[in-house]
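From just these sequences and the hints, can you work out the full model?
Number of protein chains: 2
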Amino acid sequence: MFYFFYCNMAVQKPSTPRGTRDFGPKEAAGRKYIFSTIEEVFRIYGYAPVETPAMENLSTLLGKYGEEGDKLLFKILNSGDYLSGVQENEMSSPDPGKLALKIAEKGLRYDLTVPFARYIVQHRHEINFPFKRYQIQPVWRADRPQRGRYREFYQCDADVIGSNSLLNEVELIHIIKEVFSRLSIRISVKINNRKILAGIAGAIGCPDKMTDITVAIDKIDKTGLEKVIMELRNKGLSEDSLEKLKPVLEFAGNVNEKINFLRAMLKDSENGLKGLDEIETILRYFTSTDNSINIEPDLTLARGLDYYTGAIIEVKALDVEIGSICGGGRYDDLTGIFGMEDVSGVGISFGADRIYDVMEQLSLFPPDVSGGVKLMFINFGTVEADYCMKILRRLHEYRISAEIYPDPVKLKKQMAYANKKDVEYVALAGEEEIKEGMITLKDMKNGEQNRFPADELPDRLMKK
Amino acid sequence: MFYFFYCNMAVQKPSTPRGTRDFGPKEAAGRKYIFSTIEEVFRIYGYAPVETPAMENLSTLLGKYGEEGDKLLFKILNSGDYLSGVQENEMSSPDPGKLALKIAEKGLRYDLTVPFARYIVQHRHEINFPFKRYQIQPVWRADRPQRGRYREFYQCDADVIGSNSLLNEVELIHIIKEVFSRLSIRISVKINNRKILAGIAGAIGCPDKMTDITVAIDKIDKTGLEKVIMELRNKGLSEDSLEKLKPVLEFAGNVNEKINFLRAMLKDSENGLKGLDEIETILRYFTSTDNSINIEPDLTLARGLDYYTGAIIEVKALDVEIGSICGGGRYDDLTGIFGMEDVSGVGISFGADRIYDVMEQLSLFPPDVSGGVKLMFINFGTVEADYCMKILRRLHEYRISAEIYPDPVKLKKQMAYANKKDVEYVALAGEEEIKEGMITLKDMKNGEQNRFPADELPDRLMKK
Chain Y
4 MFYFFYCNMA VQKPSTPRGT RDFGPKEAAG RKYIFSTIEE VFRIYGYAPV ETPAMENLST
64 LLGKYGEEGD KLLFKILNSG DYLSGVQENE MSSPDPGKLA LKIAEKGLRY DLTVPFARYI
124 VQHRHEINFP FKRYQIQPVW RADRPQRGRY REFYQCDADV IGSNSLLNEV ELIHIIKEVF
184 SRLSIRISVK INNRKILAGI AGAIGCPDKM TDITVAIDKI DKTGLEKVIM ELRNKGLSED
244 SLEKLKPVLE FAGNVNEKIN FLRAMLKDSE NGLKGLDEIE TILRYFTSTD NSINIEPDLT
304 LARGLDYYTG AIIEVKALDV EIGSICGGGR YDDLTGIFGM EDVSGVGISF GADRIYDVME
364 QLSLFPPDVS GGVKLMFINF GTVEADYCMK ILRRLHEYRI SAEIYPDPVK LKKQMAYANK
424 KDVEYVALAG EEEIKEGMIT LKDMKNGEQN RFPADELPDR LMKK
Chain L
4 MFYFFYCNMA VQKPSTPRGT RDFGPKEAAG RKYIFSTIEE VFRIYGYAPV ETPAMENLST
64 LLGKYGEEGD KLLFKILNSG DYLSGVQENE MSSPDPGKLA LKIAEKGLRY DLTVPFARYI
124 VQHRHEINFP FKRYQIQPVW RADRPQRGRY REFYQCDADV IGSNSLLNEV ELIHIIKEVF
184 SRLSIRISVK INNRKILAGI AGAIGCPDKM TDITVAIDKI DKTGLEKVIM ELRNKGLSED
244 SLEKLKPVLE FAGNVNEKIN FLRAMLKDSE NGLKGLDEIE TILRYFTSTD NSINIEPDLT
304 LARGLDYYTG AIIEVKALDV EIGSICGGGR YDDLTGIFGM EDVSGVGISF GADRIYDVME
364 QLSLFPPDVS GGVKLMFINF GTVEADYCMK ILRRLHEYRI SAEIYPDPVK LKKQMAYANK
424 KDVEYVALAG EEEIKEGMIT LKDMKNGEQN RFPADELPDR LMKK
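If you read the protein sequences in the order shown, they are chains Y and L. Residues 4 to 467 in our numbering are what the first sequence spells out, letter by letter. Residues 4 to 467 in our numbering are what the second sequence spells out, letter by letter.
By construction, these hints were calculated from the structure, which means they are not laboratory data. Check each hint, because a few of them may be wrong.
If chains are identical, the list can't say which one is meant, so a pair holds when it fits in one copy or spans any two.
Below, simulated DSS-like cross-link-like pairs (lysine-lysine); rule was C-alpha separation at most 25 Å, straight line [claimed, not checked]:
#1 K101 - K16
#2 K16 - K105
#3 K105 - K74
#4 K16 - K74
#5 K193 - K393
#6 K438 - K180
#7 K393 - K180
#8 K180 - K377
In structure tokens, the structure reads:
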């Protein structure tokens, strides 16, 4: 049965599936640099690593990302005879969605948050709360691929579970500052609070339309005020409500004026006032004890994700138009969907793929992040190679990246290889060098050449 | 349609799919330590990183791992209306395998080798040959889960493509030595050569039975000589051939005697003699210029994988019974299946999951690999927390891992958290300390407590 495919192989031009990518040495090295930078910051802030499987039971994933999200889940065909439990009539009048649930019980994770919620509930008795965990793993979405949107991409998440303290929000904003400062990316950080959005929905007379208002406001940057109002009118908001909402969206004063304006508007909303207190506490921290970060409260910031209930954070790069490169917020009932109530959490997620694009566009990668190598020995034949191998061993003891060209081919070919691989130094040892215990070192940048005792090589390279 | 599932959620006990695992802080930290150790060694030996997508087109994967392997591939249901191209009669008399190919065009990668072969062919014009790449990524197999065998596990591969030189084999054996020496795992390294196995198959009169002989010999350690002979008899080897094969399998002399015995037996096999030359060249290197590694030639070493054509390498842990923890070999035609001929490669693969088990059993993880944190500030309230946050900022500048307990709860609760998290030091600042700019530091191991100017904290911790 599979033989047909095998025979076809010779004519088949191999490729990756649509929306997925290979990463060659340079890209992979750049990505590893981003991951390890983020990971080290997470670590020094006291976050511990967790990893979950790529596959989750579909029952864990379905219903968590809205109807649209369910459609974007990659489902994995049951192994073995996947049709065994399917009735004949289900096969002959097939409803693709219903049949899918019968023949596919597992799916690829869509984000890191739901698997983490599942992890918390499953391991609740082993976990040391408040639990600070980070997780850097790929996720998969059957989205229509387009520029900057892939079907496989990485998320880099840090969350604190089981603490209501706003210190967590403050620490997460510090992590954001630290990561992007290490990567040399200039950013703007916007914050808002879902409680304020809920308060506004109440104050304009439609507390049940909070989600619609949030989703509509989220688009204000892209579509403008008029379209947002139109969308909300279609969702059933009255003209009276819309008139009350407009001044909120148009208000142009400074931070304090905005907060005072809202404090008056939300005076009857306990929740709304709490949201204002929370945002003020966070802002006060960054104005009084630490003004290295410029945080802007933005009442139109909504972020689409439904599960946020408190602070919302969004980070954009200042020097590249690319959408948000990091975001997050507080959610008060993430684990409720798995039957564990009253666990508050707050987290952020870095978009490594977009960060890569920003760094590539602005040429921010340090020169040594290239997947290259420090030194290569030229291979002139067995005797010379044996001599070089001994020196090579010593370089490796010093943890200097170095290799010997494996075949004794023409010098020109070996030099071309070294050039292409961003080798910094080439080392040569011919008959004469071997007799005298010397080595000749060539600097590939400026072409300078030096001959000295081979023993000195590790020290000389360490200094460069 | 999905609503039914959502409602069921409350009663559902969340779990990972069969054969997959979560990794909590301690395990994840241990795994990261293994990956980064292997990765650093790959890097200093001049290998550059490559990453390929988790999903491959099924046409890339099918037919590459034998009929058994095809069955063990995880197939991904096409997204959208996956039934649209399926005829009614295909649905009503379903052949599960045939239908699967219609409704699933992608699969999860089964190993890193075939995706890498696909990568080479696809990117042949950008690649700098000889191409030394490493790749550390998970793979998935729908195997029956059992102790030590998982459906998702990591492979850590290094390969050189486009060079016939035996120096590559030598360097890879050095990498093996270096990795396990850094991880403090004592190992035995066995090598053999498929050309010798081919030569033997020829010399005993059944050159076409090379694969059967290889597969059977591969089991000799587990089942013993008698069963191997029986299996080969069933595969159609004549009694004459079996009589000629026995002395090879039973031969008990030292390395040189073994090689001399084979040189006589394979005197008419050009390929067999070449295999002997290759194994001798590698052994000579390690006896003459570098005897830090004890390599044992083992003529019964066959390794199941079909694509090996030259050297075969297998590594076992000396102090734990667990099967091979690293293996590899030379393959002369890996990319041929994708229409690119005559590209020789040689590679090794570390089994990170088994290596983790070995290190866990022998308690080989260094004490600082625990996902823990160096210091935690006790939180006594807003004023104290603000004071500590400033010191915390400085510790982070020194890249010391440190955190503050987020909530001002009872001291006992905060200390219990610190204990469970393997925090090394706890720092306290009350009214008095704040007035005098001091900090009190408690060593969690011996309970020692010291009070000193807060400014000195980073330096004192750096020294510890």
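Against the earlier hints, flag every one the structure doesn't satisfy and list their numbers going up.
When the structure is compared with the hints, only number 6 turns out to be violated.
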